[in-house]
Amino acid sequence: DVKVTQSSRYLVKRTGEKVFLECVQDMDHENMFWYRQDPGLGLRLIYFSYDVKMKEKGDIPEGYSVSREKKERFSLILESASTNQTSMYLCASSFSGRSYEQYFGPGTRLTVT
Amino acid sequence: KNEVEQSPQNLTAQEGEFITINCSYSVGISALHWLQQHPGGGIVSLFMLSSGKKKHGRLIATINIQEKHSSLHITASHPRDSAVYICAVSFNNDMRFGAGTRLTVKP
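If you read the protein sequences in the order shown, they are chains R and X.
In this text, residue positions in the first sequence follow our numbering: the first is 1, and each later residue adds one.
In this text, residue positions in the second sequence follow our numbering: the first is 1001, and each later residue adds one.
Rather than coming from a laboratory, the hints here were simulated on the basis of the structure.
The model shown is predicted, which means the values in this text are computed figures rather than measured ones.
Be careful, since some hints might not be right.
Across the chosen pairs, the derived CB separations fall in these ranges [as the list claims (entries may be wrong)]:
{"id": "1", "chain 1": "R", "residue 1": "Asp38", "chain 2": "X", "residue 2": "Ala1076", "range": "45 to 55 Å"}
{"id": "2", "chain 1": "R", "residue 1": "Lys53", "chain 2": "X", "residue 2": "Gly1042", "range": "25 to 35 Å"}
{"id": "3", "chain 1": "R", "residue 1": "Asp26", "chain 2": "X", "residue 2": "Glu1017", "range": "31 to 41 Å"}
{"id": "4", "chain 1": "R", "residue 1": "Glu17", "chain 2": "X", "residue 2": "Gly1042", "range": "41 to 51 Å"}
{"id": "5", "chain 1": "R", "residue 1": "Asp51", "chain 2": "X", "residue 2": "Thr1104", "range": "20 to 30 Å"}
{"id": "6", "chain 1": "X", "residue 1": "Pro1039", "chain 2": "R", "residue 2": "Lys53", "range": "18 to 28 Å"}
{"id": "7", "chain 1": "X", "residue 1": "Ser1082", "chain 2": "R", "residue 2": "Tyr10", "range": "33 to 43 Å"}
{"id": "8", "chain 1": "X", "residue 1": "Ser1045", "chain 2": "R", "residue 2": "Phe20", "range": "36 to 46 Å"}
{"id": "9", "chain 1": "X", "residue 1": "Thr1104", "chain 2": "R", "residue 2": "Tyr10", "range": "37 to 47 Å"}
Glycine is no exception: its CB is placed at the ideal position from the N, C-alpha and C atoms.
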């Protein structure tokens, strides 16, 4: 079974704090993705990575950065958290070629106060 | 405008009812995905299809490429089917998601 794990299920942070969300997959997938999910808006892509040290901006990269130093690990960084970044964050991975099935982690519900 | 539109947004059914969720898209696609998200967040893939029909247990997914439309059917619905169902499409090395349909099945 493919397993995608995320470092936290729930996180509460203060405005201005630096926040790290980590994602690990065990299927040797080339692609990894970070999404945020908000009511009525569906999943929106923040960043994705198709290889180690490679990254591409998604639809809403502002206020976020990412790091992929190892193939199995993809980190999302909020440099200075703001209240409008309160959301559900979902990580996913897939084999290369973005039409392939994506496998999702359990999600991290981040609240910024 | 979202490339993927789902209807209805919310759906409440009685146990045993036949359920249909619809998905329309506006772009040429290489595949369409139906995903299920239970309370608590985790998303699992139910189907990936590019033509015709697929069946898995009580779930059936159909797609009409010419009409740019797909449906997800649940036969003999059960309270454990309560979840958010998400339609997504793959195209041009990209993937777009619908906003989801929240299904509640009452016993």
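Status of each hint after checking the structure:
{"no.": "1", "hint": "Asp38(R) to Ala1076(X): 45 to 55 Å", "verdict": "33 Å, violated"}
{"no.": "2", "hint": "Lys53(R) to Gly1042(X): 25 to 35 Å", "verdict": "28 Å, holds"}
{"no.": "3", "hint": "Asp26(R) to Glu1017(X): 31 to 41 Å", "verdict": "39 Å, holds"}
{"no.": "4", "hint": "Glu17(R) to Gly1042(X): 41 to 51 Å", "verdict": "26 Å, violated"}
{"no.": "5", "hint": "Asp51(R) to Thr1104(X): 20 to 30 Å", "verdict": "42 Å, violated"}
{"no.": "6", "hint": "Pro1039(X) to Lys53(R): 18 to 28 Å", "verdict": "36 Å, violated"}
{"no.": "7", "hint": "Ser1082(X) to Tyr10(R): 33 to 43 Å", "verdict": "22 Å, violated"}
{"no.": "8", "hint": "Ser1045(X) to Phe20(R): 36 to 46 Å", "verdict": "27 Å, violated"}
{"no.": "9", "hint": "Thr1104(X) to Tyr10(R): 37 to 47 Å", "verdict": "24 Å, violated"}
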